[in-house]
Structures are given as structure tokens and as C-alpha cells.
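There are 2 protein chains.
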Amino acid sequence: MVQVPPANPPERLLLGPGPSPVHPDVLAAQSRAMVGHLDPWFLGVADEVAAMLRQVFRTENQLTYAVSGTGSAGMETAVVNLVEPGDTVIVGVNGVFGGRIADTARRAGAEVVALEEPWGRIVPPERVAAALRQRPDARFVALVHAETSTGVQQPLEEVGALLADTDTLFLVDSVTGLAGVPLEVDDWHLDVVYSGTQKCLGVPPGLAPITFSPKAEAVIDQRSSTVRSWYLDVAAVRRYWSGDRAYHHTAPISAIVGLHEGLRRVLDEGLEARWARHAEVGRLFQEHIQDRDATLLAQQGHRLPQLTAVGWPEAVDEGKLRRRLLDEHGIEVGGGLGTFAGSAWRVGLMGEAATHACVDRLLDAVDDLLDG
Amino acid sequence: MVQVPPANPPERLLLGPGPSPVHPDVLAAQSRAMVGHLDPWFLGVADEVAAMLRQVFRTENQLTYAVSGTGSAGMETAVVNLVEPGDTVIVGVNGVFGGRIADTARRAGAEVVALEEPWGRIVPPERVAAALRQRPDARFVALVHAETSTGVQQPLEEVGALLADTDTLFLVDSVTGLAGVPLEVDDWHLDVVYSGTQKCLGVPPGLAPITFSPKAEAVIDQRSSTVRSWYLDVAAVRRYWSGDRAYHHTAPISAIVGLHEGLRRVLDEGLEARWARHAEVGRLFQEHIQDRDATLLAQQGHRLPQLTAVGWPEAVDEGKLRRRLLDEHGIEVGGGLGTFAGSAWRVGLMGEAATHACVDRLLDAVDDLLDG
Numbered sequence: 001m002v003q004v005p006p007a008n009p010p011e012r013l014l015l016g017p018g019p020s021p022v023h024p025d026v027l028a029a030q031s032r033a034m035v036g037h038l039d040p041w042f043l044g045v046a047d048e049v050a051a052m053l054r055q056v057f058r059t060e061n062q063l064t065y066a067v068s069g070t071g072s073a074g075m076e077t078a079v080v081n082l083v084e085p086g087d088t089v090i091v092g093v094n095g096v097f098g099g100r101i102a103d104t105a106r107r108a109g110a111e112v113v114a115l116e117e118p119w120g121r122i123v124p125p126e127r128v129a130a131a132l133r134q135r136p137d138a139r140f141v142a143l144v145h146a147e148t149s150t151g152v153q154q155p156l157e158e159v160g161a162l163l164a165d166t167d168t169l170f171l172v173d174s175v176t177g178l179a180g181v182p183l184e185v186d187d188w189h190l191d192v193v194y195s196g197t198q199k200c201l202g203v204p205p206g207l208a209p210i211t212f213s214p215k216a217e218a219v220i221d222q223r224s225s226t227v228r229s230w231y232l233d234v235a236a237v238r239r240y241w242s243g244d245r246a247y248h249h250t251a252p253i254s255a256i257v258g259l260h261e262g263l264r265r266v267l268d269e270g271l272e273a274r275w276a277r278h279a280e281v282g283r284l285f286q287e288h289i290q291d292r293d294a295t296l297l298a299q300q301g302h303r304l305p306q307l308t309a310v311g312w313p314e315a316v317d318e319g320k321l322r323r324r325l326l327d328e329h330g331i332e333v334g335g336g337l338g339t340f341a342g343s344a345w346r347v348g349l350m351g352e353a354a355t356h357a358c359v360d361r362l363l364d365a366v367d368d369l370l371d372g
Numbered sequence: 001m002v003q004v005p006p007a008n009p010p011e012r013l014l015l016g017p018g019p020s021p022v023h024p025d026v027l028a029a030q031s032r033a034m035v036g037h038l039d040p041w042f043l044g045v046a047d048e049v050a051a052m053l054r055q056v057f058r059t060e061n062q063l064t065y066a067v068s069g070t071g072s073a074g075m076e077t078a079v080v081n082l083v084e085p086g087d088t089v090i091v092g093v094n095g096v097f098g099g100r101i102a103d104t105a106r107r108a109g110a111e112v113v114a115l116e117e118p119w120g121r122i123v124p125p126e127r128v129a130a131a132l133r134q135r136p137d138a139r140f141v142a143l144v145h146a147e148t149s150t151g152v153q154q155p156l157e158e159v160g161a162l163l164a165d166t167d168t169l170f171l172v173d174s175v176t177g178l179a180g181v182p183l184e185v186d187d188w189h190l191d192v193v194y195s196g197t198q199k200c201l202g203v204p205p206g207l208a209p210i211t212f213s214p215k216a217e218a219v220i221d222q223r224s225s226t227v228r229s230w231y232l233d234v235a236a237v238r239r240y241w242s243g244d245r246a247y248h249h250t251a252p253i254s255a256i257v258g259l260h261e262g263l264r265r266v267l268d269e270g271l272e273a274r275w276a277r278h279a280e281v282g283r284l285f286q287e288h289i290q291d292r293d294a295t296l297l298a299q300q301g302h303r304l305p306q307l308t309a310v311g312w313p314e315a316v317d318e319g320k321l322r323r324r325l326l327d328e329h330g331i332e333v334g335g336g337l338g339t340f341a342g343s344a345w346r347v348g349l350m351g352e353a354a355t356h357a358c359v360d361r362l363l364d365a366v367d368d369l370l371d372g
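Going line by line, the protein sequences match chains A and B. Positions 1 to 372 (the working numbering) are the ones given, in order, by the first sequence. Positions 1 to 372 (the working numbering) are the ones given, in order, by the second sequence.
Do not rely on the hints blindly, as some may be mistaken.
Footprint (simulated), chain B over chain A, 3 or more residues, beta carbon under 8 angstroms [stated by the list, open to error]:
(1) 4–17
(2) 101–111
(3) 157–168
(4) 221–229
(5) 254–260
(6) 287–300
Partial pick of chain A residues on the chain B-facing surface, computed with a CB cut under 7 angstroms [as the list claims (entries may be wrong)]:
(7) Q30
(8) R32
(9) A33
(10) M34
(11) L43
(12) V45
(13) Q198
(14) P204
(15) P205
(16) R238
(17) W241
(18) A246
(19) T250
(20) D268
(21) G330
(22) T339
What the hints contain is simulated information worked out from the structure, not anything from laboratory work. For every residue, glycine included, the Cβ atom is placed at its ideal position computed from N, Cα and C.
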């Protein structure tokens, strides 16, 4: 019989690609007493979560809720509910997360037109326009608003305007974007947008906020085939969130109560103030890290402030440096993914971590390690 | 701008079909400081969770972990990773949850042989044997160990022995069974078993413990088609849990640390002692509730102790009684599903609620309401 002691986590400053640090009030909220998922009190909390998510997404979309899984479950929800076998979809692939959308769409039976761009570059809106002229029947165009693997911020407004008067939907991954950089779901004509809780919202991982426009909902309602996933089937799940409260699956109560507190904090700060804070702190870090012989891997003019892919010169062993940063300074940053593995860091200054103090602590630690 | 106050849950005694009450130590564990999902400390916690799950499942299966979603996500993980389009599967359908397995298997492209039985009855092992003689090519036989919609406990050993020497796998839903009634994954030759955290484990909803036998893992490794789900793809997820720790999706840290504490409590009590406690308390309730003019809807000899479907006579308005129980006594029980909707309660005495005190409080409250 294994005798396992209690889990007592070490103190960490979380400056990687997520999870970001969580405020004690949010941690406390998710440890409040358990209640049932059909309890009238909890259904009221779920309604408040949906209402607050609408504010953070800047949308009037009725179908706005938190998927019972992490950000990737939000991605899969968006894709599998819109795709029917044989559909064509156009997907921008300029990093890991665009690649996942393409992979998931293929599993759902779609033919994928992948618009590949070098890592660190945006997908030019004119490339989307050209692809759409070739395939005007596309079910959706998918772009990643905030590419967590490269630190690129994708412009969305032009493509949104282009798609608004067509039958093609606009699907957007804003896992790392939401509450960190401007995102205007309604004004920009975005049809399906999903996010994660553990980035700029500052809530533990486990839920995926998602919103569907009436145009997207109509596509779901007019499907001729069954959605391939039972767990993520929007037509069933929406009955629980905004319909007759029919039981589908047991909602993750603690996580939703935690998200409730996190959203309260976001709205208390104010969304624009939060965007401005992320912008200022991120630019400060990006300016100073370049003095340390590091480069920024995202193209100039399209850099996310909250997530920076930092390229190290060959002489630097990024893995060793990163382990020492964790072991000696208690600071977590992320390693590079894919093309950037072994030569880059991913530094997140998200939510509670978007402060001057965090930037100072990280730069001091880096200086200490590079000197040592 | 909506001004939302903090969420302060009411005091509830949770005696429904789940979530069950959560011990304060488990609630406290999931509010401990956030750490990264690739932090060496957290990977150690994940290893301990897997080791403790093996003890609770009574298995040596290497591939044992917690799916990042609720019990239904465990169901979908089991089904979609085993089914390839065109496969035949045999599914016992004697309540809601067998029906879900059949539905999910169809979405994954399977031809389903549904063994339908009246609600409240088991699926006779000889019916499974007969179906298997008709379809010896079946990819799996699926049975629900603990039917949460009816309170039926399905015998598994005979079917397990029958399948052990065939190429057909044995898939078992033990969402409500695990840690409440005997379950012997290895001894009974069960190939894939999934559960939920919010039942007899006494942990908040949000994770689905799951285990795969080497025979099941071999079937996954020999698939000729891609799994239809990206999020639940076992071949990718197992690299995080037991392989090279490759990033797939961000694990729900808080929930896993909570499960860690819940499993410690289960093993501290001892699995056999926990089964015995559930058995004794459940029988006590079932004996006494029949004195209140109520009937037990599960067939005699196959009643789960931890979950009882209680049939009320027509004169009783179960919905009104249930609402008054919540409002006046702070006790939650569940309503009937499907066939039993409007005429039955589902009473759970699971985990922390499997005590004489809970039975007394519930019976006293029922007496008070029936008198009033």
C-alpha cells in the first residue's frame, strides 16, 4: 500500500504560457462548500458567469458559457459543432495552435485548406481573402488571435468584415488573448470564439469560455449530421446553460465558482484598464529583454504584450537556464514549442503577473543566471 | 455593467446522485497555490494520483489517469479511442447511462447492438453471451456497473471471464460504483473502466478517473484510423501522464490536487472498509424508506447501496416534496430520469454522506414533510 503524504505545493512565480498566478480570492472561491449542479443557487451563479463572460467577450451572444474542459476542449467544441463530413474549412497555421484546429477539423471529417505561414508571422488578411475566393463554400475561416507558441497577435477586423456578409463563419482561438488584449466579438463579426481560464483571466485551468453568434447557432441548428462528440455537443449543453436546465453532464461546480470570482475581479478592474496594464507591462519586458542579447521571435507590430517568445543565442543553453530559474529563483517560464524548441522561452505576463514587480524580478533573475 | 456580488453558497446536505459532500480537507487542497502543469513537483503529484487510482481500481494497468473532464468525458474517452468506423459494439441499455454509451459509439461510427432491458433490471450475463455468439467480431461489450438512473448494480464477473480469452474488450461504466461497491478491474478482466470524482470518491466534479488494460492499449496502438477526438486522444494524453511528459493540454491543476487529497482519504479509510460502510448505510436507508410507502425501483438482489431509486405512490407530488426538502431542510436529493421522471427520487449516500447521521436526517425530514 502506497503511503502518500499531502500535496504541499512549492512557491512559484508563474511567468510561463499558463497557468498564470491565481489571486487568493479566486482560490478561496473554488474551495467554498459544494452544492448540486441543479441547485437553484448554482444555476444563478452559472447565469452570472454567462453574463460576465458576455461582457468580457464584448458580445450580446446568448450562447455564451464555459465548456467543462480546458482551452483545448473549447477548441474542439467550436470545431466539431460546426463541421460536417465533407465540409471545407480554411485554417491559418502559423504556430502550434492553428495546427491543432486543422488536425481537429480533419478528425471531424473536414477538408482543410491550411494557410501556412512561418512561425512568428501573422496570416495576412489578403491571403485569407484569396483563399476564400477559391473556396467561397468554406464552412469557416479559423485564425488564432493570440498564438501562444510564437507570441503573435493576429489582426482580426479585416477578415471579420470580409466574412460578415457571406455564409462562411469566423472561428477565433483567443485562449491567450481574452482579457489581455482588445477583443470585440460583436464589432469584429467573430462567430465562434473560445478561450481558457488560466491565461489573462487569472483563474485555474479547467474551463473554456466560449461564445457563438446567432449566425453560428443557426449553422448548428441546421446540421444534417450528428455532432461527432457527445460530451461537447452544443445543442445538448446549451439546454443546461440557457434553456430548460436539462441534465447533460455534471458541471464542474468548484471551477465555475472560481471562474465567477475571477470574472468579478476582471470587471472590477475594468476591461480597458486590464488591456492597458498588459500592454504597458509587456512592452516594458520586451524592451528590456532585448538588452540581454535575446531576440523577439514575433514580427514587429504584431507582438502580444502578455506572451513573448524570446529567442536565445546558440551559446545559451535555454533548458538549463530555465531549470535554474525554477530551482534557484522559483520562477517558471515556458520552453519553446515545435520550431522554437530548444532555442526559445515563452514568457507570460498574464493576469496577476502583468506587473512591473514581476518584470523586475524576472530580469534580475535572468541577469543573475547569465552572470553566474 | 452588471455588478455581481461574490458567490456564497448555501449550506446543503448533498444526498442526490452527485455531487456528494466534499470533506473540508479536499476543498482546502484544491485551493492551494497554483503551480505549472509541467512543474516537476506537479508531475510527482500526477504520478501519485495515478498510483492511488490503481489501488482504488484494483489494477496494475500502467495506463491509469484522470481525464480532464467530468465522468461523461471519461465515457467518451473510452468509446472513441476503441471504436473505428464500421466496428460492431454490444451495449447493455437498462437506463440512461447505457443509452449514452450507445449514442456515443454511434457518433464514433460504430454499429451498436443494444441489449435493452427494462429500467431497474440488470442485463443478464447470458444475454451478453448470446449476443456475443451472434457477433463474435464485436470490438467491445459495454455494461454499466452502477446505473445511476435506476440504482441497479450490474454483475460483471461472468461476462469478464467470458471475454477474457476473446478479442472483444470489456468496457465498464463505474462512475457511481468506484469506491462505493466492490470493483476488481484485474481480477474480473475489465479492459476499460471509467468513473467520476463526485460520487463515492467524495471529490468535486471535474475529472474522470480511467484505466485501460494492456489488451485495450494494444487495440488503441493498432488502430488504422485516427481517433475522432483530439482532446480525448489517449495516445497523445498518455505521453503527458506516463511517457515523456509532452505537452498536450494544460492539466486542470486544482482539480487534480483535490483528487489527490480525496484518494488519500479513501486509502486511509481502506477500500474494503469503505465498501462495507456504503453497504451498511445504504441497506439501512433502503429498509426504512419502504416503511414510508415508497418502493425500491431496482430489482432485489441487485441494488446499489450508495444510490437508491425510490418510487413514490401517485398521490405524492415528488417534485414538490423534493423542492420542500431543499428549501425547508437544506437537503438535496435527485429527481427521476427518463422513465422514472416525475415519480421517483434518486437518493445518494455516497462518500462523506454514507453515514447513519445522514440517513436519520433524511428520514426525519421526509417524515416531517409527509406529515405536513
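Status of the hints after comparison with the structure:
1. 4–17: holds (count 10)
2. 101–111: holds (count 5)
3. 157–168: violated (count 0)
4. 221–229: holds (count 4)
5. 254–260: holds (count 5)
6. 287–300: violated (count 0)
7. Q30: holds, 6 angstroms
8. R32: holds, 5 angstroms
9. A33: holds, 5 angstroms
10. M34: holds, 4 angstroms
11. L43: violated, 12 angstroms
12. V45: holds, 5 angstroms
13. Q198: Holds. Min distance 6 angstroms.
14. P204: Holds. Min distance 4 angstroms.
15. P205: With a minimum Cβ separation of about 4 angstroms from chain B (threshold 7 angstroms), the hint on A/P205 holds.
16. R238: With a minimum Cβ separation of about 16 angstroms from chain B (threshold 7 angstroms), the hint on A/R238 is violated.
17. W241: violated, 15 angstroms
18. A246: violated, 10 angstroms
19. T250: Interface hint status for A/T250: holds (4 angstroms vs cutoff 7 angstroms).
20. D268: violated, 9 angstroms
21. G330: violated, 10 angstroms
22. T339: violated, 15 angstroms
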